[in-house]
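Undergrad: Next come the chains, spelled out residue by residue.
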Amino acid sequence: DQQVKQNSPSLSVQEGRISILNCDYTNSMFDYFLWYKKYPAEGPTFLISISSIKDKNEDGRFTVFLNKSAKHLSLHIVPSQPGDSAVYFCAASAWNFNKFYFGSGTKLNVKP
Amino acid sequence: ETGVTQTPRHLVMGMTNKKSLKCEQHLGHNAMYWYKQSAKKPLELMFVYSLEERVENNSVPSRFSPECPNSSHLFLHLHTLQPEDSALYLCASSQDRSGPPNFGPGTRLTVL
Chain X
573 DQQVKQNSPS
583 LSVQEGRISI
593 LNCDYTNSMF
603 DYFLWYKKYP
613 AEGPTFLISI
623 SSIKDKNEDG
633 RFTVFLNKSA
643 KHLSLHIVPS
653 QPGDSAVYFC
663 AASAWNFNKF
673 YFGSGTKLNV
683 KP
Chain Z
1467 ETGVTQTPRH
1477 LVMGMTNKKS
1487 LKCEQHLGHN
1497 AMYWYKQSAK
1507 KPLELMFVYS
1517 LEERVENNSV
1527 PSRFSPECPN
1537 SSHLFLHLHT
1547 LQPEDSALYL
1557 CASSQDRSGP
1567 PNFGPGTRLT
1577 VL
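Residue numbers (the numbering used here), protein chains in the order written: chain X, 573 to 684; chain Z, 1467 to 1578.
With the rest of the complex left out, here is chain Z (with noise of 0.2 angstroms):
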């Protein structure tokens, strides 16, 4: 038990699709984040989010939308996806900023 979860653990969609990503945490942590692993390659941080406010963004398209409703919640809603963002979708979140990421299980999405 990591103590951050998130759902859907898989999930396949269609290009014109719309899904969201559902992340939780229950650490009391400060700081979340949105990480995508693709094959063969190093982890991608994609958002940061300290206190509830975006802090980061690392050049995501805008079909990544994410939102951080409370500190123990985190979304990515996602649309209009192409086939080359099917990768593992990992959550994660650390006490603040400077601290090694908790990650949670991930969601492997495949993108038809």
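Here chain X stands alone, though its shape is the one from the complex (with noise of 0.2 angstroms):
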């Protein structure tokens, strides 16, 4: 059974708006959770992570917001730009787990 769910599986928005990307997660032992970014032909790279004590986490024009409750986290991208193009997967572990569980990706499109 899948333990991280990204139900999108692409998203297209104009340059200059806001792209959010969304996950949902069924294990609440999950505390600490990642995104990355993946260019076609590249492995996907590390952006932003968030652990559960927090329910925000910003680095520059990519923040990282976690609701517990609803099991469910999003990453905003604002402002959008063509170079962010990408396939974004989300990932979830806890302290104890020793892995991290992804979810099957969201591929953004950024229209000039």
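Treat each hint with caution, since some may be false.
What the hints assert, rightly or not - Below 20 angstroms or equal to it, Euclidean Cα-Cα: the simulated SDA-like pairs (lysine to any residue) are:
{"id": "1", "chain 1": "Z", "residue 1": "K1488", "chain 2": "Z", "residue 2": "V1577"}
{"id": "2", "chain 1": "X", "residue 1": "K671", "chain 2": "Z", "residue 2": "N1523"}
{"id": "3", "chain 1": "X", "residue 1": "K640", "chain 2": "X", "residue 2": "N599"}
{"id": "4", "chain 1": "X", "residue 1": "K643", "chain 2": "X", "residue 2": "S580"}
{"id": "5", "chain 1": "X", "residue 1": "K609", "chain 2": "Z", "residue 2": "G1565"}
{"id": "6", "chain 1": "Z", "residue 1": "K1506", "chain 2": "X", "residue 2": "N579"}
{"id": "7", "chain 1": "X", "residue 1": "K609", "chain 2": "Z", "residue 2": "K1506"}
{"id": "8", "chain 1": "Z", "residue 1": "K1488", "chain 2": "Z", "residue 2": "A1553"}
{"id": "9", "chain 1": "Z", "residue 1": "K1507", "chain 2": "X", "residue 2": "Y673"}
{"id": "10", "chain 1": "Z", "residue 1": "K1484", "chain 2": "Z", "residue 2": "E1522"}
{"id": "11", "chain 1": "Z", "residue 1": "K1507", "chain 2": "X", "residue 2": "L583"}
{"id": "12", "chain 1": "X", "residue 1": "K679", "chain 2": "Z", "residue 2": "R1574"}
{"id": "13", "chain 1": "X", "residue 1": "K671", "chain 2": "Z", "residue 2": "T1473"}
{"id": "14", "chain 1": "Z", "residue 1": "K1484", "chain 2": "Z", "residue 2": "E1550"}
{"id": "15", "chain 1": "Z", "residue 1": "K1507", "chain 2": "X", "residue 2": "N599"}
{"id": "16", "chain 1": "X", "residue 1": "K640", "chain 2": "X", "residue 2": "S621"}
{"id": "17", "chain 1": "X", "residue 1": "K671", "chain 2": "Z", "residue 2": "G1565"}
{"id": "18", "chain 1": "Z", "residue 1": "K1506", "chain 2": "X", "residue 2": "N681"}
{"id": "19", "chain 1": "X", "residue 1": "K671", "chain 2": "Z", "residue 2": "V1577"}
{"id": "20", "chain 1": "X", "residue 1": "K643", "chain 2": "X", "residue 2": "Q575"}
{"id": "21", "chain 1": "X", "residue 1": "K609", "chain 2": "Z", "residue 2": "G1469"}
{"id": "22", "chain 1": "X", "residue 1": "K671", "chain 2": "Z", "residue 2": "E1522"}
Treat the hints as calculated values from the structure; they're not laboratory data. It should be emphasised that the depicted structure is a prediction, and the values quoted were computed from it without experimental measurement.
Put the two chains together into one complex, using the hints given.
TA: Here it is in structure tokens:
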């Protein structure tokens, strides 16, 4: 059973607007969450993380929000740029799991 | 430069061939991983090595055989694969098993 789900396989956004990528999880033990970005022909690169003691973490144009009660996290990109076009994966783990569970990814297309 | 390199980047093989994928990490990390990425599916964790010892094998068929000769190198030996094994194979490393994986560029494998 898939414990981390990204229900939108793709998202299209105009340059300069906000991109919101969503991720849901089922295991209430998860307490550490990651977002990765993947360009074609490259491996995923780590983008931003959040632990369950926070509900928001910001790094430049990227902000991750965590809603523990809803078991939901989201990645906001503001403003979106064409170079942000990539596949975005979320991942989750717990302190004693020693591994990360990944979603299936959302392909973001930022139109100029 | 992610610090994790993989060779070859592309591989086409027949079902009766034997081949090996190679991964090298230059980060001084203690844990190394093999993941499989199939289209529109979550990243699947295949094997985990921690301090050169295999600590996890996620029900991977025996036609996939990992080898970790030292903390910097990881191999995935392939034999008698099936067409459904065609996928992107990603190597990753992390400081320890609780840390975010740092991925290599992947090997795109096609089994004919």
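Undergrad: Give a verdict on every hint.
TA: Here's how the hints hold up against the structure:
1. Z:K1488 x Z:V1577: Holds - the C-alpha atoms of V1577 (chain Z) and K1488 (chain Z) are around 17 angstroms apart, at most 20 angstroms.
2. X:K671 x Z:N1523: This hinted pair holds, its Cα atoms lying about 12 angstroms apart.
3. X:K640 x X:N599: Within the cut-off at roughly 11 angstroms; holds.
4. X:K643 x X:S580: With a Cα-Cα distance of about 16 angstroms, the restraint between K643 (chain X) and S580 (chain X) holds, given a limit of 20 angstroms.
5. X:K609 x Z:G1565: Satisfied, since the Cα-Cα distance of roughly 17 angstroms is no more than 20 angstroms.
6. Z:K1506 x X:N579: 11 angstroms, holds
7. X:K609 x Z:K1506: Given pair K609 (chain X), K1506 (chain Z) holds - Cα atoms ~15 angstroms apart, limit 20 angstroms.
8. Z:K1488 x Z:A1553: 16 angstroms, holds
9. Z:K1507 x X:Y673: 12 angstroms, holds
10. Z:K1484 x Z:E1522: 23 angstroms, violated
11. Z:K1507 x X:L583: 17 angstroms, holds
12. X:K679 x Z:R1574: Status holds; Cα separation ~19 angstroms.
13. X:K671 x Z:T1473: 24 angstroms, violated
14. Z:K1484 x Z:E1550: 16 angstroms, holds
15. Z:K1507 x X:N599: 19 angstroms, holds
16. X:K640 x X:S621: Status holds; Cα separation ~15 angstroms.
17. X:K671 x Z:G1565: 9 angstroms, holds
18. Z:K1506 x X:N681: 16 angstroms, holds
19. X:K671 x Z:V1577: Violated: K671 (chain X) and V1577 (chain Z) sit about 28 angstroms apart, past 20 angstroms.
20. X:K643 x X:Q575: 11 angstroms, holds
21. X:K609 x Z:G1469: 16 angstroms, holds
22. X:K671 x Z:E1522: 10 angstroms, holds
Violation of the numbered hints given earlier is confined to hints 10, 13 and 19; the remaining hints are satisfied by the structure.
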